[in-house]
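Order-wise, the sequence lines are chains A and B. Heads up: the first sequence begins at 2 in this note's numbering, then just goes up one per residue. Heads up: the second sequence begins at 107 in this note's numbering, then just goes up one per residue.
It is worth saying that the hints were derived from the structure and are not from the lab. In this text, all values refer to a predicted model and were calculated from it rather than measured experimentally. Wrong hints could be hidden among the right ones.
Said to hold, decoys possible - Partial list, computed: chain B residues near chain A (C-beta under 8 angstroms):
1) F140
2) S149
3) L152
4) T155
5) G159
6) L180
7) F214
8) G215
9) N216
10) G217
11) V222
What the hints assert, rightly or not - Reference listing, derived: stretches of chain A covered by chain B, where coverage requires no fewer than 3 residues with Cβ under 8 angstroms from a Cβ of chain B:
12) 38 to 46
13) 101 to 107
Glycine residues also receive a C-beta, built at the ideal position from the N, C-alpha and C atoms.
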Amino acid sequence: AQSVSQHNHHVILSEAASLELGCNYSYGGTVNLFWYVQYPGQHLQLLLKYFSGDPLVKGIKGFEAEFIKSKFSFNLRKPSVQWSDTAEYFCAVPADSWGKLQFGAGTQVVVTP
Amino acid sequence: GAVVSQHPSWVICKSGTSVKIECRSLDFQATTMFWYRQFPKQSLMLMATSNEGSKATYEQGVEKDKFLINHASLTLSTLTVTSAHPEDSSFYICSARSENQYNSPLHFGNGTRLTVT
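Produce the entire structure from the sequences given, and follow the hints as far as they go.
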């Protein structure tokens, strides 16, 4: 089954700094990848997804991710973070044909003013 | 957009009692819903896949007799934690997809915080 791993568990950075969160997937075949975000006290929301085509995917709120097949990576980036980006970020991949998601461990991002 | 509603948002119960959590898709039909559990500072762990009109599929290590799942309609799935114990205290989250494709994004409920005393 496919799985994903996230390298950073906690990230603290200042406003306007650039953000990059690592995500590696395990499967070498057809890959669908997701990044979800969970703001404090809120439910999970989809940031962006990759199915095929352009490996650079644009998401909501200025986020983007790049699918690099040779590195089995799907890192999430934002050039300039805001305090409101404080949240937990999860990389995910479908684990079977029914579509259940396998989540990474998550990365807690704290943006300081 | 597609909305998944979960109720209650939090519940406190005594050890040995049962608690039912509802998950509803408000503006779409969901043949399949998923139940996750999230421990503090940990990722979401899939508990079971709930299928409308049939038995749920449980993940390895999840007790099906303890976590009863009923998916009686295309818009409602329920998770009942039976004979709850303090170790069942957790954050339970349901999700569903509005499109019938395995790789379409999931829509998540707000979660239910269960505390067993």
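key: Proposed interface contact between B:T155 and chain A, which counts if any beta carbon pair is under 8 angstroms   = holds (6 angstroms)
ask   = Any CB of chain A closer than 8 angstroms to the CB of B:L152?
value = Because about 5 angstroms separates B:L152 from the closest Cβ in chain A, which is inside the 8 angstroms limit, the hint holds.
inquiry  = Next item in the hint list is B:G217. Is there a CB on chain A closer than 8 angstroms to its CB?
reply    = OK, holds: B:G217 within 8 angstroms of chain A, min 6 angstroms.
ask   = If you take the shortest Cβ to Cβ gap from B:N216 to chain A, is it below 8 angstroms?
value = Hint on B:N216: holds, closest Cβ of chain A at ~4 angstroms, below 8 angstroms.
ask   = Against chain A, with CB atoms and a cut of 8 angstroms, does the hint on B:F214 hold up?
value = holds (4 angstroms)
request  = Establish whether the coverage given for the region 38 to 46 of chain A by chain B is satisfied; the threshold is a Cβ-Cβ distance below 8 angstroms, and no fewer than three residues must meet it.
outcome  = holds (count 4)
task = Hold the hint about B:S149 up to the distance rule: shortest CB distance to chain A must be less than 8 angstroms.
result = holds (5 angstroms)
query = Given B:L180 was flagged as interface, is its beta-carbon under 8 angstroms from a beta-carbon of chain A?
reply = violated (16 angstroms)
request  = Apply the coverage criterion to the region 101 to 107 of chain A and chain B: a residue qualifies when its Cβ sits closer than 8 angstroms to a Cβ of the chain, and three qualifying residues are needed.
outcome  = As far as the region 101 to 107 of chain A goes, the hint holds, because 7 residues have Cβ atoms under 8 angstroms from chain B.
query = Can we keep the B:G215 interface hint, with Cβ of chain A closer than 8 angstroms?
reply = holds (6 angstroms)
ask   = Under the criterion of a CB-CB separation shorter than 8 angstroms, is B:V222 in contact with chain A as hinted?
value = violated (22 angstroms)
key: Hint status (Cβ of B:F140 to nearest Cβ of chain A, threshold 8 angstroms)   = holds (6 angstroms)
Of the numbered hints stated above, those contradicted by the structure are hints 5, 6 and 11, listed in ascending order.
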